[in-house]
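Visitor: In case you want the letters, here they are:
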Amino acid sequence: MKKTATLILCILIASIAFSQNQENKVKKLPSVIIKDIDGKSINTAELSNNGKPIIISFWALWCKPCQKELSTIAEVYEDWQKETGVKLIAVSIDDSRSSARVKPTANGNNWGYEVLLDVNHDFKRAMNVNQIPHTFVLNGKGEIVWQHTSFAEGSELELIELIRKLNKGEDISGH
Amino acid sequence: MKRFLFIFSIISSLYLSSCNKINEPYTLPIPVKDWYGKKILLEDYTGHKCQNCPAAAASAANIKEQYGEKVIILAVHAGYYALPSPPNFPEDFTTSEGNAWDAYFGISPNGLPKGMVDRKGYPMTRHLDHGEWASKIGTALSEIPEVEISVKNTYNPSDSSITGKINFKFLKTIKKKLKYQVLITEDSIIAPQLNATTIIPNYLHRHMLRASVNGPWGNDLTDGSTFNMIDTEISKSYLYSLKATELVKYKIKDCKTIVFVYDDATKEILQAEEIHIN
Amino acid sequence: MNKIYNYFIFFSILIAFPYISNSQNFMNSGSITGNFQMDAQYYQKDSAIGAPEVPEQLLMNAFANILYTNGKFTTGLRYESYRNPMLGFDNRYKGSGIAYRFATYTADEFEITLGNFYEQFGSGLIFRTYEERNLGYDNAMDGVRVKYNPKQGIMLKAIIGTQRFFWEEGPGIVRGGDAEFALNDLFSSLAENKTKITLGVSAISKFQATEEILYDATKKFDLPENVGAFAGRLNISRGSLSLSTEYAYKSMDPNSLNNYIYRHGEALMLTAAYSKKGLGVIFSAKRIDNMAFKSKRTETGNMLFINYLPALTKQHSYSLSAMYPYASQPNGEMAIQGEIVYTIPKNTILGGKYGTELKINYSRATSIDKKALNDSIAIDEKATKGYTSNFFKFGDQLYFQDFNIEVVKKINTRIKGSLSYVNILYNKSVIEGHPGAPDVTANIVIADITYKLTSQKSIRFEGQHLISKGDLNDNEDPSKGEKKNWVMGMIEYSIAPHWFFSVMDQYNYGNDENDKKIHFYNVGLAYNKNSSRIQLSYGKQREGILCVGGVCRQVPAANGLSITITSSF
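Heads up: the sequence lines are chains A, B and C, in that order.
With my numbering, letter number 156 in the first sequence gets 416, and the count goes up by one each step, no holes.
With my numbering, letter number 61 in the second sequence gets 252, and the count goes up by one each step, no holes.
With my numbering, letter number 522 in the third sequence gets 795, and the count goes up by one each step, no holes.
For reference, chain A alone in the conformation it holds in the complex (with noise of 0.2 Å):
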């Protein structure tokens, strides 16, 4: 009984998945309500950048490789600003024992980065994300086009490579 009714549950779930025209499928930002460094509540359905792309990086003050990732970014940041309009916002899954350090740690670090705190990991569930670092790439109309795990060296060069070619108007999704 609770075999079949799982089974069926996953059928029903599968059937919808897959009855939905993958062509027109878009993912956007889910709607949910964080606060900023300074404590102001935002929508992340609302986060914009002019019609430029985004770069959402999901980080916490414990994780090595993200601190990595981000400190790696600033150092070029401006430049990519500069050559693409793109935007990072650093979303830090830090909860209440370290939220309080991370606006110290990320001025301190002199990363000009938009940050966010998602303290009880209400916007990381929504965007499914298992694991840290976890880098999402939004397109100019807001749609998340790429997603992408871990960081090594050298993963910035990528990053900035799509970046560009979204900007030329090109699909990406295939990366």
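To be clear, the hints were calculated from the coordinates, so they are not data collected in a lab.
Accuracy of the hints is not assured; some may be wrong.
As the list claims (entries may be wrong) - Straight line, CA to CA, 30 Å or less: simulated DSSO-like cross-link-like pairs of lysine-lysine:
no., chain 1, residue 1, chain 2, residue 2
1, C, Lys802, A, Lys287
2, A, Lys401, A, Lys288
3, C, Lys492, B, Lys261
4, C, Lys813, C, Lys701
Place chains B and C on chain A using the hints.
Guide: Structure of chains B and C alone, referenced to chain A:
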């Protein structure tokens, strides 16, 4: 309208957020409960290196003092906390049966002390903190038993053997696969025990599981394929010879046998009985 | 089984609902997203490190989340499977099933959630439900949540439900509400003011029917069925300065964690921070007094916490510095923490061509002051008010202290590295509950260097050394010697963005016992493609404590092959 509803819900939630104030002395007398002959087996999983275990043993002692022979206590030394650590804890009080149960029910890996009342709740909630024992036992005591057990032991000092006769009587017509288990316990063993921050060198270990007559899971009593009618009786007997190593250690006057019947499907103990060896 | 069936019915209705209401657009406008993770390990017995024999040989934890969104309607579920739970996870998780399901509907200023949800009021001092899948922690609510946002600057929330307890629900009902006011959004006169103020108040109440918990053989505790808790918070920020504080109060709540004392609970958190480009300074202080708050009185494990008491210590990321982690002591703790993050500017003597990052962090946690009620009642005596306490006084027992410095430096375009020093004092008897165990002091030095071979290939070296004192091999038996010194080395080779290879060894070379001088080697491989990752590793894992997000889990020693697959879609 919506606003009104919401304000209403906020007010009611604040109303719900009330708290009860309790005044001294913060305790109440325990009410007397009806009893229909069901005896309860309380298994106390413990270990001599477990700092909170004496507190659990004290809870068990309180329960025993309150309910007397209606509650049978079995201290099972198992898991990491029960391993010998010479020189402070030289003795090994673990048994292969105790370890088998501990592994099967998954108790000590989640921290001791923990207990089971009639092994109720399998396969879900069965690990009980000692604070919960009295409440669970209080409820279980007023159940109407399905089986009655009577046991008679004869101890023969010449070959140090225990001969037991058990009579099981069905108090209800049931169709279940039942098994019965016979255990040997020893009371009042003096040995070191960790208690909070100190080692008590001559701690009184009570109701300790020493051996099983019929393995960790006992023998079949019924096969579950047919109904066992009310008032039918089944007799079983057993013979257990104490080994030389056991004879050296055990004080026969403190040894008892515990017999219990359990439902093989749910592992729940339906009835238990405890009696001295001689 | 009935439960599963009920879930099924619940979901069929949820999924059918939009069909009925909006059958035409349903297929086109909805979207399904989700994620999946599976961890499995093949275990080998290794008596040298204390890795037990696992009868199943292979253990696995897995879960998948599926979210369906259609306009204002969202529904989702999580299927979990533990066949059987991996070592170190509570074996009450054994089994498979739908552990989490919810439906949310947004209408105008309202958002209504039915089913499971996670929520936090303020910093969580009186209420936080959350999950930490990698630790096997989940205290999700099952009930109803309503959020109401009547106008910009006001957010009201009300919740009611029970909490998850493995595959069951806890016995207590948790209900409450939270109101938050952003004054600058609320009053137009303040809109342009540089000082930003946010105020919040919350209340939680727990109901659990009374039960028979014996005081002694003839008396039982007179238990409160309703326990209330209240909290207020204030955040002020002006430019580079910010100040935040939260105070919480809990009514008398005798439970097995506080030894059934009839005392109120209190918590206070205070944080002041200053930051500008290149410099961040923060100072925090905290006091916790009798704040263990669970939806079941007798629960002593990690489950069913209603509130969250954050530790004020840095969470270390390197394996040796993370060997002695700290968790808040809910029965009483005073703690302070200070941190400075400074970037020495480019083109200065110390800053060099690229600038140098510097982090200094100090934290300290002690007991609270406790005085006996009178000469005849011991401190923490059950069925009394427990003790009296001076709010501002530090207790004389040190629980934890951590001083650490980290320097991060880019040498040239190829080489980048960091150097850290950590000094920890760890009260093992309190934190791990091994009475009599001596305090542990540890000094750790860590070097982490990345060398870029090409634009995509790089090699990373990690070297760590730890000198400890007082960390016994057997906590009950000092004659078994101490663990003393450890050394750890790792080489990781990565080809961005897909491949990682690593070789690692941790060696307890300083152990007093020769047979405990063990190499914990490990080789690993990971492949990433977009949002999927597969990771394989083989080797030995030392016994230790893993903490994420305020929960710690004892990780037993293990030896074998492990695999992790994770994916989002």
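Visitor: None of the hints should be skipped; say for each whether it holds.
Guide: Hints, verified against the model:
1. C/Lys802 - A/Lys287: 19 Å, holds
2. A/Lys401 - A/Lys288: 9 Å, holds
3. C/Lys492 - B/Lys261: 18 Å, holds
4. C/Lys813 - C/Lys701: 24 Å, holds
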